[in-house]
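Protein chains: 2
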Amino acid sequence: MGLLDVFRASRKKGSAAIAKERLQILVAHDRAFRNRPSYLPKLQQEILEVIRKYVEVDLDAVSVNYEQDDDQELLELNIVLPDAAARS
Amino acid sequence: MGLLDVFRASRKKGSAAIAKERLQILVAHDRAFRNRPSYLPKLQQEILEVIRKYVEVDLDAVSVNYEQDDDQELLELNIVLPDAAARS
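Just so you know, the protein sequences line up as chains A and B, in that order.
To convert, take the position in the first sequence, counting from 1, and add 26; that gives our numbering.
To convert, take the position in the second sequence, counting from 1, and add 26; that gives our numbering.
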């Protein structure tokens, strides 16, 4: 099973019943050079800014997970979008 | 097992032996309003532009998967970064 299948299967469980606009973003960085500073926290801000060009994002509705070990970093952003029906 | 664990487990398999700089980005969009046009293709371009501020990205080294069904879209970007040791 490919990664996309795993990802899709994990997400289907909870989302079938609730018709919510949601965006979920995962960024994984395999670091070959550990001495370099991480740019993921800054990247996270910039990705959010890009997304806000397309949809209204309430920053309170963004949850962030960040994990780091020796050779990789994982960043997860979960964004619940406001009810689009309320907008023009 | 949480999504991050699934994600990490899937990726560990192939990556242990090869010390490559890699970025993998997944964007999942649960669409409550199907009549709206998708912004993911445009978002993909902008995310790539943001990433290129931080690292050199050879566009030939980017592989893209895009899947869409009735209520969700999935976008996957896999980027093999050039050997950072060769730079500055």
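Think of the hints as simulated: they come from the structure by calculation, not from any bench.
Just so we're clear, the structure is a prediction, and the values are computed from it rather than from any experiment.
For glycine and all other residues, C-beta sits at the position ideal for the given N, C-alpha and C.
Treat the hints with caution; some may be incorrect.
[What the hints assert, rightly or not] Each pair of labels, with its calculated beta carbon distance range: (1) ALA58(A) to SER64(B): 18 to 28 Å; (2) ASN61(A) to SER64(B): 32 to 42 Å; (3) TYR80(A) to GLU93(B): 27 to 37 Å.
[To be verified] Think about it this way: if two alpha-carbon atoms lie no more than 30 Å apart in a straight line, the pair counts; the simulated DSBU-like pairs of lysine-lysine are: (4) LYS79(B) to LYS68(A); (5) LYS68(A) to LYS79(A); (6) LYS68(B) to LYS79(B); (7) LYS46(B) to LYS68(A); (8) LYS68(B) to LYS68(A); (9) LYS79(A) to LYS79(B); (10) LYS68(A) to LYS46(A); (11) LYS46(A) to LYS46(B); (12) LYS46(B) to LYS68(B); (13) LYS46(A) to LYS79(A); (14) LYS46(B) to LYS79(B); (15) LYS68(B) to LYS79(A).
Going through the hints against the structure:
Roughly 34 Å separates the CB atoms of ALA58(A) and SER64(B), a value that falls outside the hinted 18 to 28 Å. In this structure the hint that ASN61(A) and SER64(B) lie 32 to 42 Å apart at CB holds, the actual value being about 40 Å. Restraint check, TYR80(A) to GLU93(B): a C-beta distance of roughly 19 Å breaks the suggested window 27 to 37 Å. A distance of roughly 11 Å separates the Cα atoms of LYS79(B) and LYS68(A); the hinted pair therefore holds under the 30 Å criterion.
Our distance criterion of 30 Å between C-alpha atoms is met by LYS68(A) and LYS79(A), whose separation comes to about 17 Å. Taken as a hint, the LYS68(B) and LYS79(B) pair is honoured in the structure, with Cα atoms around 17 Å apart against an allowance of 30 Å. In summary, the hint linking LYS46(B) to LYS68(A) is supported, as the alpha carbons are separated by about 22 Å, within the 30 Å threshold. For the hint linking LYS68(B) to LYS68(A), the alpha-carbon distance of about 21 Å falls within 30 Å, and the restraint holds.
Note on LYS79(A) and LYS79(B): the hinted pairing holds, with a Cα-Cα distance of about 18 Å set against a maximum of 30 Å. Our distance criterion of 30 Å between C-alpha atoms is met by LYS68(A) and LYS46(A), whose separation comes to about 28 Å. Straight-line distance between C-alpha atoms of LYS46(A) and LYS46(B) comes to about 37 Å, which puts the hinted pair past the 30 Å bound. Using a Cα cut-off of 30 Å, the hinted pair LYS46(B) and LYS68(B) holds, with the two alpha carbons roughly 28 Å apart.
The hinted pair formed by LYS46(A) and LYS79(A) meets the criterion: a straight-line CA distance of about 19 Å does not exceed 30 Å. This hinted pair checks out: LYS46(B) and LYS79(B) have alpha carbons roughly 19 Å apart, not beyond 30 Å. The straight-line distance between the Cα atoms of LYS68(B) and LYS79(A) is roughly 11 Å, inside the 30 Å bound, and the hint therefore holds.
Comparing the model with each earlier hint shows violations of hints 1, 3 and 11; every other hint is respected.
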